[in-house]
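These protein sequence lines are chains A and B, in that order.
Take the first sequence: its position 298, counted from the start at 1, is 775 in this note's numbering, and no numbers get skipped.
Take the second sequence: its position 279, counted from the start at 1, is 756 in this note's numbering, and no numbers get skipped.
Misleading hints may appear alongside valid ones.
[Stated by the list, open to error] Some residues of chain A that are not near chain B, with every Cβ distance over 10 angstroms (derived):
(1) Q768
(2) S810
(3) Q830
[To be verified] Pairs of lysine-lysine, DSSO-like flavour, derived with a Cα cap of 27 angstroms:
(4) K836/A <-> K670/A
(5) K736/B <-> K736/A
(6) K848/A <-> K670/A
(7) K848/A <-> K836/A
(8) K783/A <-> K736/A
(9) K848/A <-> K848/B
Derived by calculation from the structure, the hints in this document are not laboratory data.
For every residue, glycine included, the Cβ atom is placed at its ideal position computed from N, Cα and C.
2 protein chains.
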Amino acid sequence: MRNIAIGQAGGPTPVLNASLAGFIRASTESCIHLVLNGYQGLAEGRLHVMSADDYRIIEEHCEIPGAVLGSGRYPLTPQRMLQALEHLQQANIGTLVFIGGDGTMLALHQLSKLAASIGYDLQVIGIPKTVDNDLTATDHAPGFASAAKYVATSVRDISRDLEAMKNFEQVRILETMGRNSGWLAAASGFFKKQASDPPHHILIPEQRYTWDQIISGIGETLRQYGYAVVVVSEGVEVEGDQVEHGIVQGRQVLGGISKRIEHHVQSSFGVMARAELLGMQQRSSSLAVSQIDYMEAIQVGEVAAKWVTSGQTGVMVSIQRENDREYQISYQSCPLEKVAHGGERLLPAAFIQDPDRYKRWLRPLLGSDLKEYPAALNRSYLDAEKQIKP
Amino acid sequence: MRNIAIGQAGGPTPVLNASLAGFIRASTESCIHLVLNGYQGLAEGRLHVMSADDYRIIEEHCEIPGAVLGSGRYPLTPQRMLQALEHLQQANIGTLVFIGGDGTMLALHQLSKLAASIGYDLQVIGIPKTVDNDLTATDHAPGFASAAKYVATSVRDISRDLEAMKNFEQVRILETMGRNSGWLAAASGFFKKQASDPPHHILIPEQRYTWDQIISGIGETLRQYGYAVVVVSEGVEVEGDQVEHGIVQGRQVLGGISKRIEHHVQSSFGVMARAELLGMQQRSSSLAVSQIDYMEAIQVGEVAAKWVTSGQTGVMVSIQRENDREYQISYQSCPLEKVAHGGERLLPAAFIQDPDRYKRWLRPLLGSDLKEYPAALNRSYLDAEKQIKP
């Protein structure tokens with residue numbers, strides 16, 4: 478009889494706990510150890526046998542954002558990995574499962590290799606999560622759809638507000654998550670139908686920009702529509718510079734590019750500009766959970782539980798789209814090695830060049846309950862007046 | 478036959494359009510003029526007779542944030558007021574209705590007095606809206622409940638995220654709207670049950686603080702729980718200083734106190750702190766609309782339409798609570814003069830001293846569909862470990 482250990486690592490999502498609940502419900506093994514506080518808890522031996530009470534609490538958290546086991550970031554040095562393996566062996570763990578993103582999968586892969594090298598027969602399975610969709614080898618991962626829904630609806634709503642207030646405030650610059658990839662920032666264009674609809678400019682890390690380009694583009698929008706909504710991914714480089722919020726444990730925390738754009742816009746045009754981060758709600762808002770995201774989050778957990786029994790190891794659960802016309806997915810196994818060395822998943826050039834194609838890809842993930850807003854009356858009348866006096 | 482003119486002014490809310498729709502549905506007058514872009518539109522004569530198409534578009538906007546007529550901020554000088562009255566007289570307007578906050582009500586009151594002084598018999602009615610609940614002479618106004626729901630749920634969700642990540646990031650400082658009043662910031666404590674629950678510190682403009690107090694308080698929380706969530710109203714003064722984002726048309730735009738606290742926390746404790754504005758979503762998020770807010774927004778519009786017929790003038794629709802035990806309100810008329818000179822409505826001392834009392838007041842406004850989150854497992858285990866080794 479071999480025990481299972483499961484933990485959560487990296488930044489939480491609104492559906493990270495759903496994957497844990499899915500795994501635990503579908504698990505047929507009687508003895509599950511919970512790893513508290515991610516890889517740090519693993520290295521420090523914070524493993525607890527799941528009690529009936531714990532099971533109930535995890536169930537209660539199925540729809541709650543955050544990480545019920547505690548998560549975190551923790552660089553796993555070789556020394557710490559050996560400690561982790563010792564703790565696992567002491568608890569007679571035969572299977573280690575972690576829910577996380579690319580860093581988590583890399584660490585799982587390394588643990589798996591190290592275990593093999595010391596003759597410890599450890600089954601290892603990864604359950605994917607992300608908010609910025611940078612995890613490779615999967616069409617998308619749980620967490621992204623809810624974050625994208627939050628970004629799309631917030632930018633639409635904030636734009637409505639600005640459009641009504643343009644005699645007072647003319648430019649809003651909204652900063653999204655996305656260190657290397659523009660999936661989230663580009664999702665802000667989901668409701669855009671024509672050039673005059675906000676957001677007018679979406680800046681993503683996949684592309685290079687100069688200050689001149691950015692500022693003259695915003696100036697042109699101001700002249701045409703009297704206001705401008707700009708969305709920028711935190712990882713965007715302008716003239717080779719990225720804006721850093723700070724460095725924590727050797728990890729660069731990005732943030733602040735929107736504030737720089739605000740400054741340039743104000744000094745170039747003398748208008749009122751406001752930079753705002755879309756913030757931590759992107760990875761935590763219970764208000765924006767996409768139903769399909771929630772269901773898939775549970776399902777990746779269930780699939781991992783089945784794989785424990787069927788004996789798969791060194792793999793991550795990956796979501797593949799079966800069909801371009803209607804939304805249909807399958808769960809496939811992907812070697813952790815491929816995930817670990819696949820690099821970050823960037824927004825494909827086809828989606829950058831053809832935003833409608835990206836929107837078609839995105840639509841099923843966001844859900845069918847999203848409302849398109851008709852144009853406001855002040856805009857219709859303005860357009861009519863322009864047509865009368867060209 | 479006298480015509481009605483209606484406009485929207487000031488910062489939008491998620492339910493500002495609901496009040497307009499409520500008014501228009503309940504109006505028995507056949508000829509309604511729409512004032513585009515608030516008081517600026519009024520001074521510039523941007524009045525349009527509502528067509529059947531316009532009616533349909535306003536109906537379609539009933540659940541949409543922003544201001545379908547266009548809104549804005551515009552200082553009404555005596556000169557501009559006279560222009561506005563001229564345009565109204567030309568269109569044979571007998572009734573002027575505006576939906577807005579305290580500035581809007583003051584302007585309506587002045588217009589009403591000026592009209593009387595030139596012998597123009599103009600009926601004037603105000604429909605209230607607010608997000609920060611600073612409008613006097615009403616228990617609350619439409620817009621506040623949805624903003625408070627957004628703040629309460631966002632702070633709860635962001636806190637869950639931080640609690641799971643405290644080995645990486647220790648302090649979050651979340652800045653709310655509220656120039657002079659702490660209603661919104663205090664709403665962030667809605668889900669708090671005990672001292673250890675976040676938010677650990679709520680700073681409101683009604684109270685005075687020193688940097689020493691703020692920083693030593695956060696330090697104590699860090700020592701006790703390993704992380705700290707701080708909520709601060711944009712209008713908070715520390716040692717006599719308020720943080721300004723800029724000045725637009727003579728109006729001070731606040732913002733940035735959270736960033737200063739971040740700086741002090743980082744330099745005092747060397748921890749990772751992150752300041753974020755809860756942002757424009759407070760007054761625009763379609764995700765956080767409170768059902769009761771939406772209904773009341775429609776009703777204040779309907780009441781104003783009835784008053785047009787019954788001939789009330791120089792008044793604002795005010796919401797009064799009839800009962801402390803169960804939620805029951807009535808709509809009363811309040812003289813615009815009283816609203817205009819009543820000053821800003823601050824959070825009462827009784828609510829500051831007894832947060833539970835404020836929560837009881839707030840509960841019916843936020844709605845009954847809000848979920849309390851149970852404690853996460855990592856916290857329960859941490860508490861248990863502390864009890865074992867005190």
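Verification of the supplied hints:
1. Q768: holds (14 angstroms)
2. S810: With a cut-off of 10 angstroms, S810/A remains clear of chain B, as the shortest Cβ separation is near 27 angstroms.
3. Q830: holds (30 angstroms)
4. K836/A <-> K670/A: holds (11 angstroms)
5. K736/B <-> K736/A: holds (12 angstroms)
6. K848/A <-> K670/A: holds (13 angstroms)
7. K848/A <-> K836/A: holds (14 angstroms)
8. K783/A <-> K736/A: violated (47 angstroms)
9. K848/A <-> K848/B: Since the Cα atoms of K848/A and K848/B sit roughly 25 angstroms apart, the hinted pair holds (cutoff 27 angstroms).
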